[in-house]
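2 protein chains.
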Amino acid sequence: MIRIDRADIAFQLFDLLDADRLSEATRFADWDRSGIDNVLDTAERIAIDHFLPHAAAVDENEPKFVDGKAIVDPRVGAALAVYREAGFFGAGFDHEWGGAQMPETLRIACAYMFSATNIGTAGYPFLTIGAANLIASFGSDEQKARYLAPMVEGRFFGTMCLSEPQAGSSLSDIATKAEPAGDGTYRISGRKMWISGGEQEMSENIVHMVLAKIPGGPAGVKGISLFIVPKYRVGEDGAVGARNGVTLAGLNHKMGYRGTTNTLLNFGEAGECIGHLVGEPHKGLAYMFQMMNEARIGVGLGATALASAGYQASLAYAKDRPQGRHPDGKDATSKQVPIVEHADIRRLLLAQKSAVEGAFALLLYCARLVDGIRIGTDEAKMRDDELLLDLLTPVAKSWPSEFCLEANKHAIQVLGGYGYTRDYPVERLYRDNRLNPIHEGTHGIQGMDILGRKVVQANGSGLELLAGRIGETVAEASSVAVLSAHASDLANHLAETVKLTRVLAGELAKDPRKALANATIYLDMFGHVVIAWMWLRQALVAAHKLEAGEGDANFLHGKLAACRYFFAYELPRTKAQKELLAKLDETTLDMQAEWF
Amino acid sequence: MIRIDRADIAFQLFDLLDADRLSEATRFADWDRSGIDNVLDTAERIAIDHFLPHAAAVDENEPKFVDGKAIVDPRVGAALAVYREAGFFGAGFDHEWGGAQMPETLRIACAYMFSATNIGTAGYPFLTIGAANLIASFGSDEQKARYLAPMVEGRFFGTMCLSEPQAGSSLSDIATKAEPAGDGTYRISGRKMWISGGEQEMSENIVHMVLAKIPGGPAGVKGISLFIVPKYRVGEDGAVGARNGVTLAGLNHKMGYRGTTNTLLNFGEAGECIGHLVGEPHKGLAYMFQMMNEARIGVGLGATALASAGYQASLAYAKDRPQGRHPDGKDATSKQVPIVEHADIRRLLLAQKSAVEGAFALLLYCARLVDGIRIGTDEAKMRDDELLLDLLTPVAKSWPSEFCLEANKHAIQVLGGYGYTRDYPVERLYRDNRLNPIHEGTHGIQGMDILGRKVVQANGSGLELLAGRIGETVAEASSVAVLSAHASDLANHLAETVKLTRVLAGELAKDPRKALANATIYLDMFGHVVIAWMWLRQALVAAHKLEAGEGDANFLHGKLAACRYFFAYELPRTKAQKELLAKLDETTLDMQAEWF
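Which chain is which? The protein sequence lines are A and B, in order. So the first sequence is numbered by my numbering: it starts at 51 and just counts up by one. So the second sequence is numbered by my numbering: it starts at 51 and just counts up by one.
The shape of chain A in the complex, shown without the other chains:
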């Protein structure tokens, strides 16, 4: 039932983002249209033939803790071997380290297919690539040779070790220690919690990127440093040697996402645990934020991919399942209609389509910003793009986590009782997606990030930039008859958002608790405005193509209909949110713990 909508991927990459023009830059010279199409074909084939078939089985048969090891269903390793062979671990990395210098825009499109077909299996490369990017950015040449190169090859996997049992959202409270050993290395001791991919037997080694505190450093986040802590020590020649003192203390048993091991790790409890400092001491959190920002976009992508799988499955079911008749045709002897004919089922499908394709457009837009920054020559434009990416990151993480989860809820509803059984994939996708508002910064943390930091930093110039870009789309759409009402709608919502943000920013300086009391509501509201913009962008292209008689008319009408849905059903929800925010409502602040 799960299929990949290649037509949408092509529309988003080429019609919306001109991805085929990326090859004009030297870095991406290999990636012309045919190069891109080839790799999309390969990714689709691996996703459908190797990732999808064991997705349900791995969910039923989660990793097991046996003799200190995490035993994962062997089909996960087999699928990742095919993925490795095809070069996807190293896709985005520099040629210098064995990578393929694939544009991020394309890499994200491929990751979308892997995550849609099997999020648990896709988790390992996701973490490995994130960890490898950290070393690529901040590691020494020696660290790159020893750790980055085999990660690019897919021989070593990676993890990110931030949280501890007593420190989840509050990283300033981590207690893991790194004592200088006198030889330039450190001895790591402590416990890390929620470490995805923290143990498995599929890769030759695991490279843990660990946040720890060097004794004597500043308190809080300013005293955090970043370390490479391998599972097996690696010799100068790159040979994998003896075990380092990292041990598996336990596996977490999760509601979903079960193919990816999630671990509690002990460092330095059983045997010496050597860590290698990355970059300078006490700068660990700043470095890690690069990985977190990538990971946040990755989380949004996973959430979107899971919803796309649910959407496709429920769409196939809705077109196939006969049930009931129209309200004006109740003759019991007449044939039943396929449920896609019912208005409420169409609403559930349009809600999914608008969430999936709206969120996917945002994620690719972010990826395109990454590429633009990488190949840019105009410094000012690059700074702008960075500012914009920074602002959009919490939205790219959180909007899909919330509303693509809602989409997965709708997919179950379309299938009715069948959707509630494990015979169909939609219940699993819903369980998988429930993780996404939690990890890599909870939904609440993202709210604090956008309102407490992103829209106010640099004197609000990120928001100003965004408003400018949205304004360009609005201006263009205003002259297209079928879109002009949407354009003026979005312009109003944007103006209100900017005005509201000024009020909140003013309050932030005076009373941060009050200003931030409804930061999560702000985040959801802001996300809806951004996704409405993404829909107007898509609808513009669709309208132009329809007018020119280009492309598949059904597909393009679908884009216009989903845009109309978003503007009619979703965007108006933000009005009540803006009113609440404008009032600086203090209901939650006035509430007292003992009143609950």
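None of these hints come from the bench; they were simulated from the model. Fair warning: this is a prediction, and the values are worked out from it, not measured in the lab. Treat the hints loosely; a few may be bogus.
[What the hints assert, rightly or not] Residues on chain B that point at chain A, a partial pick, calculated with CB under 7 Å:
#: 1; residue: Ser-219
#: 2; residue: Ala-393
#: 3; residue: Arg-397
#: 4; residue: Gly-608
#: 5; residue: Leu-639
[Stated by the list, open to error] Once the Cα atoms are required to be at most 27 Å apart in a straight line, the calculated BS3-like pairs of lysine-lysine come out as:
#: 6; chain 1: A; residue 1: Lys-385; chain 2: B; residue 2: Lys-564
#: 7; chain 1: B; residue 1: Lys-549; chain 2: B; residue 2: Lys-560
#: 8; chain 1: B; residue 1: Lys-549; chain 2: A; residue 2: Lys-625
#: 9; chain 1: B; residue 1: Lys-380; chain 2: A; residue 2: Lys-560
[What the hints assert, rightly or not] Label-pair restraints from in silico Cβ distances:
#: 10; chain 1: B; residue 1: Asn-542; chain 2: A; residue 2: Asn-542; range: 19 to 25 Å
#: 11; chain 1: B; residue 1: Arg-433; chain 2: A; residue 2: Asn-542; range: 45 to 51 Å
#: 12; chain 1: B; residue 1: Pro-215; chain 2: A; residue 2: Glu-522; range: 51 to 57 Å
#: 13; chain 1: B; residue 1: Lys-633; chain 2: A; residue 2: Glu-110; range: 44 to 50 Å
#: 14; chain 1: B; residue 1: Val-553; chain 2: A; residue 2: Gly-300; range: 55 to 61 Å
#: 15; chain 1: B; residue 1: Asp-87; chain 2: A; residue 2: Phe-339; range: 53 to 59 Å
#: 16; chain 1: A; residue 1: Ala-559; chain 2: B; residue 2: Asn-542; range: 33 to 39 Å
#: 17; chain 1: A; residue 1: Glu-522; chain 2: B; residue 2: Glu-636; range: 46 to 52 Å
#: 18; chain 1: B; residue 1: Met-51; chain 2: A; residue 2: Glu-436; range: 43 to 49 Å
#: 19; chain 1: A; residue 1: Glu-636; chain 2: B; residue 2: Ala-603; range: 19 to 25 Å
A virtual CB, placed ideally from N, CA and C, is assigned to each residue, including glycine.
Assemble chain B onto chain A, guided by the hints.
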């Protein structure tokens, strides 16, 4: 972590509904305040001591299909034996049949505790009581003696057999046949799908209430009759005899609600299947609607109970878990605060509290209507109460199914990563609750019911009645300083709802497809207005008690705060919904299947 909030149950029963005055009626003479308190104590003890302990284990160890039998974890049967001993199966039934004539208001309060602690185990009595009620209402005296009496005792369990693989929401398409055998009995043949409790080895017998068609009858729902089809035949003396031809064809493997077997049953495939007609031929659906209406309130109750369990668990966690600091106190050397101090966590808790206690108030209000109808002497008032109950039933079913599921989502969020693990109950409660928008009429079906039938029938007099009752609360609250703004808010929302309903009712006569296109949105909107009313009712009592210096001030302040939350965060959402509805938006109707 799961506890039962007896203070809230007492507030709702006695302060809000004067349940202690029900004993003034002859039928309920046994149920004075101390009788009620005793049975609440007993129910709480059984729920905590016998239902709760195996809830997680039964979820992990779901019923198994072995040699044509459904094998259920033995702890389910053991808990139900205690429940039976305490007389809960027969609680609501007449003395004549061995029941305790307990008021429905109290029975629902007890069921709330059983469902909160273990919804899977609570499923068996829920179905048994529904089936027994059908026989009590429409069965012959002989059927009552043979089947009702042992169900009241809890020796026989019951089921409701409506759906078939090809006929779920569309009951007019059922194909199960009942052929007259010439001796007054019928031979049943066909397949029934999604039958909860359809097979198990815990009870001496299972009484299936089966919808089937007698050949030659009218097409569609007008040709549906109702039959008693026992698992084992029952002799004139009440002795359980040979197997009847009902066989287990399969068990459904569900996402949640796993303690209750859910079955595919074959009738008449392996051996003769005898059915006994209940009441008159071709009136089966009308009879079954009695059971469905009770079941719908029961589903709403289950949804609310699951959310109450999640709320209590997440509240306990939030008060206990230290994490982070306030936005204006970021000193890393200061102590972390319990997360209940964070505004966003309070929002997640208030959202849960307002959903749980608002929905519970509605369910008890409905139960109180049932009691009023049963003991009433004023015919006109009884007709009014019936009309009102009829109107509120789809809301009582669907509002908790949607918004208490959302509450369970929030409970996970409060626990963060821990909430996503199976070490805590919140992920199970979320999985359990996902069933509720599906069974006993999907969310979409409830929307069609309220807008296509309930608010328009009898010239809209049900809605007029409701408006009158809400108006009384509004009038009273207008004179209470802290509530007057809420009162005028609710009055406006009510007036808009009534006006909007007139527009939609007018369209219903002209173009039912258009009028009903957004029936589900109408349902959600309507539900929010009703729950706002329930909050104003609670806040009124709380305000009066606070003024009088009666009761626990913390508890009462909590009621006022939750009411304030609902009016600030929830009720305003309906504005956008009303605007969409007033426009008679046709987005879903204009969408074409091939555009997806």
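Here is what the structure says about each hint:
1. The criterion of a C-beta within 7 Å of any C-beta in chain A is met by B/Ser-219, whose closest approach is roughly 6 Å, and the hint holds.
2. Taking 7 Å as the C-beta cut-off, the interface hint given for B/Ala-393 holds, the closest approach to chain A being about 4 Å.
3. A distance limit of 7 Å between C-beta atoms decides the matter here; for B/Arg-397 the minimum to chain A is near 5 Å, and the interface restraint holds.
4. Among the interface hints, the one on B/Gly-608 holds; its C-beta lies about 4 Å from the nearest C-beta in chain A, closer than the 7 Å criterion.
5. Hint status for B/Leu-639 relative to chain A: holds, with the closest Cβ pair at about 6 Å, below 7 Å.
6. For the suggested pair A/Lys-385 and B/Lys-564, the alpha carbons sit about 21 Å apart, so the restraint of at most 27 Å is met.
7. In summary, the hint linking B/Lys-549 to B/Lys-560 is supported, as the alpha carbons are separated by about 18 Å, within the 27 Å threshold.
8. For the hint linking B/Lys-549 to A/Lys-625, the alpha-carbon distance of about 22 Å falls within 27 Å, and the restraint holds.
9. For the hint pairing B/Lys-380 with A/Lys-560, the CA-to-CA distance comes to about 16 Å; that is within 27 Å, so the pair holds.
10. Between B/Asn-542 and A/Asn-542 the Cβ separation comes to about 23 Å, which falls inside the hinted range of 19 to 25 Å.
11. Here the CB-CB span from B/Arg-433 to A/Asn-542 is close to 49 Å, well matched to the stated 45 to 51 Å.
12. Checked against the hint of 51 to 57 Å, the C-beta distance between B/Pro-215 and A/Glu-522 comes to roughly 53 Å, which is consistent with it.
13. Here the CB-CB span from B/Lys-633 to A/Glu-110 is close to 46 Å, well matched to the stated 44 to 50 Å.
14. Taken as a hint, the range 55 to 61 Å holds for the pair B/Val-553 and A/Gly-300, whose Cβ atoms sit roughly 59 Å apart.
15. A hinted range of 53 to 59 Å holds for the C-beta pair B/Asp-87 and A/Phe-339, which are about 57 Å apart.
16. With their beta carbons about 36 Å apart, A/Ala-559 and B/Asn-542 fall inside the hinted range of 33 to 39 Å.
17. The beta-carbon spacing between A/Glu-522 and B/Glu-636, approximately 31 Å, falls outside the hinted interval of 46 to 52 Å.
18. At about 44 Å, the beta-carbon gap between B/Met-51 and A/Glu-436 stays in the expected band of 43 to 49 Å.
19. Evaluation of the 19 to 25 Å hint for A/Glu-636 and B/Ala-603 yields a pass: the beta carbon distance comes to about 20 Å.
Hint check: a violation occurs at hint 17 only; the rest are consistent with the structure.
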